[in-house]
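This is what each chain is made of:
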Amino acid sequence: MTYEQLLQEIAINDQQYVVMTAENRALVRNLPKVLGDRFIDTGITEQTMMGAAAGLALRGRKPIVHALAAFLTMRAFEFTRTSIGIPHFPVKMSSFIPGFLSDGNGPTHQAVEDIAIMRGIPGMEVFAPADEDDLVKMLPAIWETENPSYVRINTTANQYKHSIFELGKAEIISEGKDATILTYGFMFENSYQAMLSLREAGFDVGLVNVRSLHPFDVEMLKALVGKTQLIVAIEDHFLTGGLFSIVAEQLVTNHWSVPVKAIALDARWFRPGRLLDVIEFEGFDVANLVTRISTLIQENQ
Amino acid sequence: MNTEKRIKLESFALQVRERIVPLATEGGCFLGASLSAVDILTYLYNSFLKIDGEHLSDESRDYLFLSKGHDVPALYGVFVELGWLAPERLKNHLSVDDHIYWHPNRHIPGVEFHAGSLGQLPAVAIGVALEIRIRKGNNRVVCILGDGELNEGSCWEAFLVAHAKQLSNLIFVVDRNHFQANMATEELIPLEPLHDKCRAFGLHTYRINGHDFDQLDETFSQLESNQGPSIIICDTIRGKGLPSIEARADRWFCNFNSQEIGELMDELHQIKQADITSQTIVAR
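Keeping their order, the protein sequence lines are chains A and B. Note that the working numbering gives residue 166 to position 166 of the first sequence, counting from 1, and the numbers run on in steps of one. Note that the working numbering gives residue 1247 to position 247 of the second sequence, counting from 1, and the numbers run on in steps of one.
Fair warning: there could be bad hints in the mix.
Now the stretches of chain A that chain B is said to cover, found in silico as 3 or more residues with beta-carbon under 8 angstroms [claimed, not checked]:
#: 1; stretch: 53-62
#: 2; stretch: 71-83
#: 3; stretch: 110-119
Subject to a maximum C-alpha distance of 27 angstroms in a straight line, what follows is the list of computed DSS-like cross-link-like pairs (lysine-lysine) [as the list claims (entries may be wrong)]:
#: 4; chain 1: B; residue 1: K1136; chain 2: B; residue 2: K1197
#: 5; chain 1: B; residue 1: K1165; chain 2: A; residue 2: K33
#: 6; chain 1: A; residue 1: K177; chain 2: A; residue 2: K261
#: 7; chain 1: A; residue 1: K137; chain 2: A; residue 2: K161
#: 8; chain 1: A; residue 1: K33; chain 2: A; residue 2: K137
#: 9; chain 1: B; residue 1: K1050; chain 2: A; residue 2: K33
No wet-lab data here; the hints were simulated from the structure. Since the model is a prediction, treat every value here as computed from it, not as a measurement. Glycine included, every Cβ here is placed at the ideal spot set by N, Cα and C.
Full structure from sequences and hints, please.
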C-alpha cells in the first residue's frame, strides 16, 4: 500500500479528514477528484495553509497537510505554534523531502532542524518512519489521535518488514552489548546494513528504529542502560535538538549513565547532489557507517 | 437606518466606551486602538452577526475573528453590554486569576480564537469559511484587521487565497485608524491607495466612515449578493470619543492614574475636557 492509497482510504471512510497542500501534490495527485471540497490546495502559501488548517480544526475537522519539510516547519512555524499548538488542534503534518531526501535542492530546502523545531511546540508529536512499509504501518495510529503531529514522510522502498506500530514506542530490531544504534527515518536502511556488517565482523551491535521522536520511548532507553556499552545516535539532522539531544536529555533527567556518540550534521548543511553521492560524501553510506561505528566502539573500550 | 435604531446603537457604543476607559490604568490597555473599533463592533454584534448569546457555540452561528487582538477591551465591552460577560469580570483585568488580559483568548465565551500575533487570523478565518462551504452552510465569517496589521505579508497572502477560493461568506474589515503602534501608517509603511490595493487583490472593496452607523448598515446590507470575499475599509479615529487623546501617535497603549481616568470619564460624557499629563507608555 502506498501513502496515497492509505490516505485515500482513510479520508473516504471518515468525513472528518480534510487533505490540504501548499501546492505540493507529488503524493496526493489523485485525491482532488475523490475528495472534492475536502481536498484544499492553498497554493504556495504554507502560512495560510496552516492557519486555514486551524480554522478547519476549529470547526471539527482533522486536516492532513502537505508541504516540503523546510517550508512547512520554518516558513509556517509561528502559524503552527500559535494557531495549532496553543489550542492543541489535531492537525496532521506530512512533510516531504526531509533530511537527506532533499538531495540536490541545496540548503534552502534542507530540513535538518525540523525535529528540533517541531518538538519545541508543547503537545506536538513528532515521528519519522524508516521507509514506506514503516510509514503505512505508523500513520493510521498517528492520524487517529486528537493531537497535532509532524511526520517526516519517507516512501523509500526497503526489504525490511517492520513490526506493528504502537504510538510512542520504538521498534527494537536487535540488541547489542558493544553498541546500540538508535536511528530514525531515511537513515534506518543504511544503519541496518551497517549493523549486519558489524555483526559479521564480530562486533555485538544492536539497532533500534526510534520511529517516535516525541513522545520518546523512554522504556526502550532504560532497557539499554547496563546492557549496552555505547549508544550511537545516527540522524540526517543537526546535532542540536534531534535524537542525540533527546537521548542526552533523557539520560540526564533519569540519572542514567551510558556513553552516547552522534553521527549527525554538526552545525552545517550538507553538500547538495545526487542522493547516493550526498550520503557517501557526508559519510552516511554503509561502508562509512561501519568504519565510523567500529572506531567509536574501539575508542569506547 | 431609522433614527431610533441609530440612537440605540450610539447609546450602546457609549456604554462600551464606559467599560473600556477604566481598563487604561493599573497596568493599562491599548486604549486608542480599542476606541477606534467600538462602533464597528457595536454595529456588527447588534445588527449584522447572527450569534445567539444563549448558544454561543451553535455551529450555524456567524463568526467574528478579532485579528487586531489588542483592541480586545472593545470586544469585552460589547460582550458585557450584550450580557455575555459579567461586568465584574472586567475588574479582573490583568489578574492572573482570570483570562482578561491584553489579547483575546477562548477562555472568554464569545471569543472565537486567540489573537495577538498580527496577521494570524485571516488564514484561520479562511479555514472556517472553507469548512462552512464543505457543509454547505450559510454562516458568515468576519475578520477584523488593524491598518498597521496590513504590514504583515500574511494578510495579503490570505487575500490572494480568499479570492482564489471565492469565499463569498468571508468579510474582512479594516479598522483604518491611520496609526500603527508608534506612528502614522503613512509615515512608516504607507498603505494608500488602500482601496485600489484591495480591489486589485480581487476583493469586493468598500471604504466608509467606521463611526457612521448608517454607512456601516448600508454597506454590510449589500454584501450578500457578492460572489467572492469582501473587504470594508472603515476610516476611524484612534481614541474616538475622547478628544484629548484622539488621533495621537502617543495614545495607543495607555496607563493613566485614577484621577486621569476620572477626567476621561467626564470627557466621555462631554462634561469637560480631560487634562492628561501622564507620559504614555509606548509598549512596543
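Structure-based check of all given hints:
{"no.": "1", "hint": "53-62", "result": "holds (count 9)"}
{"no.": "2", "hint": "71-83", "result": "holds (count 4)"}
{"no.": "3", "hint": "110-119", "result": "violated (count 0)"}
{"no.": "4", "hint": "B:K1136 with B:K1197", "result": "violated (31 angstroms)"}
{"no.": "5", "hint": "B:K1165 with A:K33", "result": "holds (17 angstroms)"}
{"no.": "6", "hint": "A:K177 with A:K261", "result": "holds (15 angstroms)"}
{"no.": "7", "hint": "A:K137 with A:K161", "result": "holds (10 angstroms)"}
{"no.": "8", "hint": "A:K33 with A:K137", "result": "holds (25 angstroms)"}
{"no.": "9", "hint": "B:K1050 with A:K33", "result": "violated (34 angstroms)"}
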